Structure formats: structure tokens, C-alpha cells
Amino acid sequence: MQNGRIIGFMLSEEELIDGCRKGDRSFQKALYDRYCRKMLVVCLRYSKSTAEAEDILQEAFVKVFHGIKNFRQESKLETWITRIMVNTALNVQRKKLYLYPMVDVEEINLPAGEVSISNIHFEQLLEMIQALPHGCQIVFNLFAIEGFSHKEIAEQLGISEGTSKSQFARAKSLLQQRLLKESTYYERYGEAKKI
Amino acid sequence: MERRKKFEESFRDAFDDAEVSPSENVWINVELDLEKADGGKMKRRLLFYKLLAAASVAFALAVTGIAFYGPIGGQDGPLAERKEHDNTANSAGTNADAPGTLTPGPAANSSTAGSASETASLPYPDHPASASSSSRADTESAAHPQVTAAAPSPSDIASAGTLRSEAPTSNQYLAQHTHDKNTTRSITDNSNNKKTDGITADGIAAGQDQNSETAYGDALLLKDSDLQPVFARNITIGKPELTPAVAEPHSNADPFKLMMARLADEEKAMQKDEKENDRQESLWTSVGMAAGGFNTVNGNVSSALTTLSSNSLANEQIKASGVTYSFGLSMGTKLSKRWVLQGGVNYLNQSSDYTATGFVGDSRQSFFAASVNNIEQLNAADAKQDAKYVPSTPYSVNNSLAFVSVPLQAGYLVLNNKFSIQLNAGLSTDLFLQNTVTPQGEGLKKETQKSGDDSPYRTVNFSGLAGTEFSYKVGQHYRIAINPGIRYPLNSIYKSDIGIEATPLTFDVGLNFRYIFH
Numbered sequence: 003m004q005n006g007r008i009i010g011f012m013l014s015e016e017e018l019i020d021g022c023r024k025g026d027r028s029f030q031k032a033l034y035d036r037y038c039r040k041m042l043v044v045c046l047r048y049s050k051s052t053a054e055a056e057d058i059l060q061e062a063f064v065k066v067f068h069g070i071k072n073f074r075q076e077s078k079l080e081t082w083i084t085r086i087m088v089n090t091a092l093n094v095q096r097k098k099l100y101l102y103p104m105v106d107v108e109e110i111n112l113p114a115g116e117v118s119i120s121n122i123h124f125e126q127l128l129e130m131i132q133a134l135p136h137g138c139q140i141v142f143n144l145f146a147i148e149g150f151s152h153k154e155i156a157e158q159l160g161i162s163e164g165t166s167k168s169q170f171a172r173a174k175s176l177l178q179q180r181l182l183k184e185s186t187y188y189e190r191y192g193e194a195k196k197i
Numbered sequence: 002m003e004r005r006k007k008f009e010e011s012f013r014d015a016f017d018d019a020e021v022s023p024s025e026n027v028w029i030n031v032e033l034d035l036e037k038a039d040g041g042k043m044k045r046r047l048l049f050y051k052l053l054a055a056a057s058v059a060f061a062l063a064v065t066g067i068a069f070y071g072p073i074g075g076q077d078g079p080l081a082e083r084k085e086h087d088n089t090a091n092s093a094g095t096n097a098d099a100p101g102t103l104t105p106g107p108a109a110n111s112s113t114a115g116s117a118s119e120t121a122s123l124p125y126p127d128h129p130a131s132a133s134s135s136s137r138a139d140t141e142s143a144a145h146p147q148v149t150a151a152a153p154s155p156s157d158i159a160s161a162g163t164l165r166s167e168a169p170t171s172n173q174y175l176a177q178h179t180h181d182k183n184t185t186r187s188i189t190d191n192s193n194n195k196k197t198d199g200i201t202a203d204g205i206a207a208g209q210d211q212n213s214e215t216a217y218g219d220a221l222l223l224k225d226s227d228l229q230p231v232f233a234r235n236i237t238i239g240k241p242e243l244t245p246a247v248a249e250p251h252s253n254a255d256p257f258k259l260m261m262a263r264l265a266d267e268e269k270a271m272q273k274d275e276k277e278n279d280r281q282e283s284l285w286t287s288v289g290m291a292a293g294g295f296n297t298v299n300g301n302v303s304s305a306l307t308t309l310s311s312n313s314l315a316n317e318q319i320k321a322s323g324v325t326y327s328f329g330l331s332m333g334t335k336l337s338k339r340w341v342l343q344g345g346v347n348y349l350n351q352s353s354d355y356t357a358t359g360f361v362g363d364s365r366q367s368f369f370a371a372s373v374n375n376i377e378q379l380n381a382a383d384a385k386q387d388a389k390y391v392p393s394t395p396y397s398v399n400n401s402l403a404f405v406s407v408p409l410q411a412g413y414l415v416l417n418n419k420f421s422i423q424l425n426a427g428l429s430t431d432l433f434l435q436n437t438v439t440p441q442g443e444g445l446k447k448e449t450q451k452s453g454d455d456s457p458y459r460t461v462n463f464s465g466l467a468g469t470e471f472s473y474k475v476g477q478h479y480r481i482a483i484n485p486g487i488r489y490p491l492n493s494i495y496k497s498d499i500g501i502e503a504t505p506l507t508f509d510v511g512l513n514f515r516y517i518f519h
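Which chain is which? The protein sequence lines are A and B, in order. Residue numbers 3 to 197, in the working numbering, belong to the letters of the first sequence in order. Residue numbers 2 to 519, in the working numbering, belong to the letters of the second sequence in order.
In short, the hints are calculated from the structure, not lab data. Predicted model only: the values in this text are computed from it and were never measured. The reader is advised that the hints may include incorrect statements.
Said to hold, decoys possible - Residues from chain A shown here face chain B by an in silico Cβ test under 7 angstroms; the list is partial:
{"#": "1", "residue": "90"}
{"#": "2", "residue": "96"}
{"#": "3", "residue": "146"}
Even glycine gets a Cβ: it sits at the ideal position worked out from N, Cα and C.
Required output: the full structure, derived from the provided sequences and hints.
Written out as C-alpha cells, the structure is:
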């Protein structure tokens with residue numbers, strides 16, 4: 003029971019939650035070990051660098067351990083932790099959004115043809131998302147991956163629904179352009195191009 | 002539409018099982034943050050108890066110190082001397098070679114030689130060990146005049162004469178007297194007559210004239226009851242009372258009666274002084290500090306703020322409980338035997354933590370924690386256009402209020418002795434100085450707002466005070482006091498026009514050091 007990793011594999015979600023509620027450090031470590039890798043991906047999607055993502059991860063896990071006493075287990079633990087990660091990331095990014103507010107962007111024509119991402123590794127997709135302009139990156143994540151509606155995004159970010167939509171459209175367009183290049187490269191050389 | 006959906010879903014699927022290992026430092030930092038937070042919580046929780054415990058320990062130490070050293074210090078040498086006498090008497094009882102040994106009681110019977118053998122014939126079967134190691138035994142022995150007068154006094158004096166260097170002349174002289182044949186004879190005679198009390202009297206009164214048999218005779222005429230106080234006063238007053246008797250060899254007056262009269266006068270004078278001292282606490286000043294906690298049980302946010310999404314924030318802030326501390330000076334005076342009036346000036350600080358779910362930023366790239374201050378400013382008619390409230394994930398904010406408090410209290414002395422109990426009640430005028438909002442999150446600035454038009458807090462507040470004061474007098478001019486009390490604002494600490502009401506109830510425990518002028 004002293005080794006957090008062993009506990010992490012052996013214990014159920016309820017046992018982990020109970021241990022963390024008591025403030026037991028080994029249970030906290032076990033919970034961290036179980037979810038940190040997945041959650042870092044979430045943080046990476048909302049940040050521009052690994053260092054920034056790790057800062058968000060750290061801050062969010064502290065919130066998880068402080069807030070787990072109030073976790074009512076109405077959703078899965080992973081879903082709840084993910085929500086905290088996203089909120090923490092948004093909190094960090096919101097300051098940047100305030101300085102560089104999102105505005106409506108011009109209508110962008112989507113590239114013709116279907117773009118497949120099945121052959122592209124998630125790390126490459128991650129880099130593509132990180133390369134998006136700041137506002138686009140956040141709206142894309144919230145809409146495409148987290149599944150929020152534009153209305154919800156608008157409320158969360160303090161922007162208009164139209165802005166959210168146009169930012170997403172721009173993000174999608176930029177990603178598709180990039181993906182198209184990757185697909186062409188793949189078709190030509192057989193594997194995804196190293197970005 | 003389907004194509005779009007497919008695009009988004011494919012992204013979602015791509016990240017479904019994606020994992021990237023973070024560096025080891027992340028957990029280390031998480032752990033450090035958790036420990037820091039735990040420490041902070043514990044610190045806040047324990048602050049009150051620590052201060053209370055510190056005050057209690059200081060008080061207990063002071064009382065213990067006074068109990069042990071105060072009374073002894075007041076009578077200085079004699080008690081200490083008396084203890085030495087007792088110890089000497091003990092050791093003398095087992096040392097036959099000790100000069101001037103005249104140890105009474107059974108112990109002496111078997112161990113003392115020479116002149117002491119005469120002492121052995123003294124009938125003291127019921128006498129407790131005369132060389133008692135505690136001063137309480139002295140008062141007990143006062144109930145046995147034949148014992149106290151005859152045995153302990155000479156032996157004590159003799160022993161002291163051999164050991165103590167402070168007053169060698171009189172003591173050694175007296176010691177020699179106990180060896181004098183006439184004296185020892187007198188002891189035998191006295192023992193036969195059960196009037197052994199006279200030994201001490203002889204030893205002292207005839208100190209200047211070894212052949213003065215009449216002096217012994219005079220002493221023998223004294224009653225037991227006359228001698229009881231002599232011994233008692235020998236304990237409390239000690240050597241100084243012996244010296245004048247020796248120093249007046251040719252006086253016709255009975256030296257014992259003179260001594261008794263003098264001692265009685267002194268005792269009366271001392272009692273009178275003590276009573277006067279008690280009455281004399283008519284003006285004092287004190288310096289003190291207090292620490293405690295406060296809680297706003299009846300805070301209220303009116304509908305004027307409901308237009309803002311930050312209504313809950315105002316609720317959070319005003320209803321947050323916290324810690325308080327104060328320090329300052331005060332003066333007090335006695336109005337009558339039981340009533341006192343006291344007032345002063347204190348610095349008062351009230352600090353609480355609340356959870357904010359947003360922040361306020363402006364075009365100067367400054368971000369502040371959301372607080373009633375900001376809400377009030379955003380709500381104001383002349384609000385800055387560039388300031389904006391932005392929702393965020395919850396984070397902790399510390400709000401610290403500073404006041405100058407001018408209390409005025411009336412007190413009733415329930416118990417007015419060295420240890421006193423006083424009930425206090427009164428009013429305090431609290432002048433708001435400033436409040437400081439310190440966000441715990443990174444990137445947000447600390448904000449301090451002084452009193453004035455921009456502040457949501459009233460500049461002048463009035464509070465009701467009630468408490469109890471337990472005090473102990475330390476010496477003639479000092480008193481130490483512990484005073485638990487409550488403070489309740491008679492008006493809301495927020496301005497009426499901002500639609501927020503809060504009257505935090507404070508409980509604190511103070512520690513005061515009082516200097517009594519007269």
C-alpha cells in the first residue's frame with residue numbers, strides 16, 4: 003500500500019476517491035499516476051508548449067485533490083478530472099484572450115475533398131492544434147473535442163456565439179489545409195510527414 | 002453536415018486513448034502545493050489556539066513565578082535563613098561535635114554529648130521533629146509553646162551562628178550563651194518546671210551579662226501565651242527582631258514585651274499598607290494584544306447586485322469567517338470601589354478567505370481578484386469602460402480589513418483582590434483604514450483600497466463590546482490580565498448604498514500588561 007503505482011493498478015475508482023478524500027498522499031499519487039498521462043494530452047491541446055501544459059496539469063491536479071471531497075460521483079471520475087483540466091486551462095488562457103480578444107473572422111472556404119486523419123498520429127495532430135492561433139485553438143478544442151455548443155463556449159469565454167462559430171470555422175479550415183498537405187505527402191511517400 | 006461531424010469525431014477519436022507522460026517534477030510540485038495548502042489551513046486553524054495557548058502559558062508561568070518567588074522575595078532573607086536554620090538543625094542533631102548544639106527532641110537524646118546531655122532530659126516525647134524542613138512546621142510548633150520557645154529557637158540561633166556569616170556577632174554570641182553553664186543549668190531548672198520557654202529569653206535578654214540570673218528569672222515569669230507570638234514573629238521577621246533586643250542591654254523594659262509590641266505595630270502597619278495598596282489602583286495604563294476569530298452569520302446581499310453574475314461572489318466574501326488580531330494601548334480609572342472606566346486606542350485587523358470565480362481586468366493589462374471593491378466599482382455609474390469582469394475557475398482570495406479602534410468600556414469588579422475578575426461592557430468607534438485583497442492565484446495583483454468614496458466600507462463604524470477580565474497583580478505596580486470578549490458591529494461595515502450588509506461577530510482573547518500609577 004506504500005507504493006502509489008501498485009495501489010493505482012489494484013484499487014477501484016471508489017477506493018481511490020475515498021483515499022484521496024482522507025488526504026492520503028499515497029492514494030493521491032495513485033490517482034495522479036492513473037490519470038496524469040491522459041490529462042497531459044488535454045492540457046497540451048490547450049497550450050503552446052509542454053512546459054505550459056505541465057503547469058496547467060500541476061495546478062489542475064492540486065484542484066482535483068482539494069475538490070475531491072465535493073465530488074458527488076454523478077459522473078465518471080475521469081470526466082470530472084478532465085473538466086477540471088479544461089477549466090484550469092481556460093483560466094490560464096483566458097488572460098491571453100483578454101489581451102488578444104477573439105473577433106469574427108472572414109468566411110473561409112473549406113478545402114475541397116475529404117480529409118482523413120486516420121493515418122496521422124495523435125502527436126502530429128496535437129502539434130497542428132498547438133500551431134493554431136490562440137482563439138482558434140481554444141474554440142476548436144471546446145467544440146470539436148470537448149463537445150460544447152457554440153452557445154456554451156460563448157458564455158464560458160465571454161464572447162459572442164458568432165465569434166465562436168467563426169473562430170471554429172477558421173480553425174477547421176487551417177487544420178484541413180494542413181491535413182491535406184499531410185495526406186498528399188502520405189499518399190506520395192507512404193507515411194505521415196514529420197512536422 | 003455529416004462530413005463535418007465526421008471530421009470532429011475523428012479528432013475526438015484520435016485523442017481518446019492518447020497519453021503523454023509528464024515529467025517527474027509535476028508530481029513533486031503537486032505534492033509541494035498540497036503540503037503548502039495543508040500547512041496554510043492548519044496555520045490558520047491553529048493561529049487562534051496557538052495565541053490562546055501562548056497567553057495561557059505566559060499567564061500560568063507568571064502566576065507560578067509569583068507564587069514561588071513573590072512572597073519570599075517580599076520577606077527576603079528571613080525565610081531563606083529560616084530554611085537554612087532548619088537544615089542546620091537537622092544536621093546538627095546528628096553531629097555531636099557541632100558547636101552550640103542544643104537539639105531538642107528524641108534525636109538529640111542519643112547523639113548529643115556534654116551540655117547536650119542535659120538537654121536529653123528535657124521531656125519532649127510528643128514533640129515533632131523540631132528541626133522541621135518547612136516553614137509550615139513553624140506555625141504548627143507555635144501551638145506548642147514549651148517546644149517552640151525552649152528547643153528550636155536556641156538551636157536555630159546557635160546553628161545559624163555557626164553557619165551564617167551575615168550576622169556573626171549576635172548569632173555567635175547567642176550560640177556561646179547556649180553553652181554557658183548558667184544557661185544549661187537554667188535549662189535543667191526550666192525543664193523541671195516545664196517552663197523551658199525562658200531559654201530563648203535568657204539567651205537573648207542576658208546576652209550582655211552572662212551572670213545576670215535575674216534576667217532568667219524575669220523571663221521565667223513570662224506566660225506561654227506571651228511567647229507564642231514571639232516565635233511566630235521569629236519566623237516571619239527573623240533576625241532583625243533579635244538585634245535590637247541584644248543592642249539594648251541595660252534597658253529596664255522587658256525585651257520580649259518590647260519586641261512583641263514592636264512587631265505588633267509593624268504587623269498592623271503592614272496590613273494597613275496592604276489595604277491601602279488595594280485601594281490605590283485608581284489609575285492605570287496597559288499595553289495588550291488580542292487574537293480570535295469572526296463570523297458573519299447575518300450577511301445579506303440585496304437584489305441591487307443580482308444583475309451581476311458576481312452576486313454569489315459578494316455572498317462568499319461577506320459571509321467568510323476569518324481570524325482577527327488587535328494590539329494597542331489603554332488607560333483605566335476607578336470610579337468607585339467596584340466600578341472602573343477604561344478606554345484606549347487599538348489597531349484591529351480582520352482577515353478572511355473566500356472563493357472567487359472570476360477576476361477583473363483592465364486595459365493596462367492588470368488583473369485583480371474579484372471582490373466587493375471591484376463589483377462596487379463596476380456597478381458605479383462612472384465605472385471605467387475598460388474594466389471587465391471575467392468568469393474563471395474557483396480560486397482563493399484573502400481579504401484583510403484594517404481599523405483603528407477606540408474602545409470605551411465600563412467594568413464591574415466582581416472580585417477585587419490580588420486576583421481580580423472584572424466584567425466589561427462598552428462601545429467601540431472603529432475607523433476603517435484600508436482593505437487589502439490578496440488573490441492566491443498567479444498573475445493576479447494584490448489590491449489595497451483605503452477608506453473614502455471609492456471604498457465599499459464605511460469609514461466610521463460602531464461596535465458593542467462585552468467581555469470578562471481575569472487579572473493577577475504582580476508586584477505593587479503591575480497587573481497581568483487575560484480578557485476574552487466579543488465584538489458586534491452596531492451597523493453594517495459596508496456602505497448602505499452598495500446593497501451589502503455584514504456585521505461580523507468577533508470573539509477574541511486578549512492579554513494585557515497593566516502598569517498601575519497609583
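Here is what the structure says about each hint:
no. : hint : result
1   : 90   : holds, 6 angstroms
2   : 96   : holds, 6 angstroms
3   : 146  : holds, 4 angstroms
In terms of the numbered hints stated before, the structure departs from none.
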